[in-house]
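There are 2 protein chains.
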Amino acid sequence: MRYFIQFSYDGTHYYGYQRQPGHISVQEKLESALSKLLRKEIKTVGAGRTDTGVHASEMYAHFNWEEELPDQLVRKLNSFLPSDISIHALFRVKDSAHARFDARERVYKYRISTKKNPFKQRYHAQFLFYQFDVDKMNRAAKILLEYKDFTSFSKLHSDNKTNDCYIYQAEWKQYEDELVFTISANRFLRNMVRAIVGTLMDIGRGKIEENEFRNIIEKKNRKFASTSAPAKGLTLEKVIYPKEINYET
Amino acid sequence: MRYFIQFSYDGTHYYGYQRQPGHISVQEKLESALSKLLRKEIKTVGAGRTDTGVHASEMYAHFNWEEELPDQLVRKLNSFLPSDISIHALFRVKDSAHARFDARERVYKYRISTKKNPFKQRYHAQFLFYQFDVDKMNRAAKILLEYKDFTSFSKLHSDNKTNDCYIYQAEWKQYEDELVFTISANRFLRNMVRAIVGTLMDIGRGKIEENEFRNIIEKKNRKFASTSAPAKGLTLEKVIYPKEINYET
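So the sequence lines, in the order shown, correspond to chains A and B.
Take the first sequence: its letters are residues 1 to 249, numbered as in the working numbering.
Take the second sequence: its letters are residues 1 to 249, numbered as in the working numbering.
Chain A on its own, in the form it takes in the complex:
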């Protein structure tokens, strides 16, 4: 029998979502809590990986378990896990359901604080000394929807077979002392959101010409895009699955 867990985490103190030898990861914490409470070694498959320092307000993973689940497992997991990881729900899915391959859409938000604010140190990147032209940034962001090969925004030596991604939404919103970028796609390459954000920020502050953006995408080479924006401003907001994964349907 296969189960999905839905959870959130503050990524500040983790070396990314995915288990890595010699580093603290969210996956390792999760699997160790599950293994402890189910008294058996549990392996999970996550919806994706987030980089070091990136947060998730809605993330999923699946695992297999053939016996009955203990009562109040969600509550027990939450007591066992550190305060920066929270389990929201645990539910049975079809045996063929897959947290990574069945995810249809991932939604990320990138938050920039444009004014020094003690309360926005953790989930915002602070950029206090630039004037951002948000209209420019939005015109450039829209261009992303015309392309599918985002090699230009991908970490080199990635193990993906294809760099094709379908972007459904890419939009900046401006608030009083804050800029928020929402981007959604069927999938993302490693480091892709932060490389896009870094490049759009350079366009917004006039360091790169707006019409250069198309060239940067078409070069299919990471070196033409800008430095990645800092990890702490990025949050995986949502992962969307088709109804068909549910056990009951």
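If you are wondering where the hints come from, they were derived from the structure by calculation, not from laboratory data.
Any given hint could be a false lead.
[As the list claims (entries may be wrong)] Just the calculated beta-carbon pair ranges, DEER-fashion:
#1 A:Arg75 - B:Lys173: 23 to 29 Å
#2 A:Ala89 - B:Glu210: 33 to 39 Å
#3 B:Lys173 - A:Phe91: 27 to 33 Å
#4 A:Asp71 - B:Gln131: 18 to 24 Å
#5 A:Lys220 - B:Asn246: 27 to 33 Å
#6 A:Gln131 - B:Glu146: 40 to 46 Å
#7 B:Asn215 - A:Thr182: 20 to 26 Å
None of the values given here were measured: they were computed from a predicted structure.
Positions of the beta carbon are idealized from the N, C-alpha and C atoms, including for glycine.
Using the hints, position chain B against chain A.
What follows is chain B alone, placed relative to chain A:
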């Protein structure tokens, strides 16, 4: 000439607002930044003190300065101060204006998270295992407005001449996974908000009878009220001054 500074801080790493020998305080950081940039030792008078770990999203202090102020002093102060203290504004006031004595009203918020949430670790107290009856808590909170002597919620051996405070508002609001208490008064005694919140929480979860609250206030003895709620949930939201303090009026 007298100046007011308006600022905010995340109190997590400070031993309270007020300067104390051997401890790191917000006041000390502020005075040392001002002294450095004005090249003269500057003493400030704050609107009040907040306890260790308590935050402020709008706080004030005054200081005297007879010469011209350097250009862009706010920006320079912000560059100099750590990321958990932010200066919002600096403006001249009447020479008689006083950050503490002229403050007419102080508004505090106390935030409780009722669900484990990685993103609410810093400015919320987490109480996950109680059921709070918010109507009860609000009926009790209203009783506060009938009294002025809050010795029952004050730290012993306080150096105040009087324990009289006029409370203007005391109200809980319930959100999906959160309870927020707003309390405003002309002044507060040391530890008072957190002692009130702790007691109202005990009423809300049925540990103390609702009609006991009046007795607790009337005893004028700290030992009858409950344990103070944790500091990190408390934020000084606002300090209100009369228009007359302004230099121009």
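Structure-based check of all given hints:
| no. | hint | in the structure |
| --- | --- | --- |
| 1 | A:Arg75 - B:Lys173: 23 to 29 Å | holds, 26 Å |
| 2 | A:Ala89 - B:Glu210: 33 to 39 Å | holds, 35 Å |
| 3 | B:Lys173 - A:Phe91: 27 to 33 Å | holds, 31 Å |
| 4 | A:Asp71 - B:Gln131: 18 to 24 Å | holds, 19 Å |
| 5 | A:Lys220 - B:Asn246: 27 to 33 Å | violated, 60 Å |
| 6 | A:Gln131 - B:Glu146: 40 to 46 Å | violated, 53 Å |
| 7 | B:Asn215 - A:Thr182: 20 to 26 Å | violated, 53 Å |
Violated hints, in rising order: 5, 6 and 7; the structure is consistent with all others.
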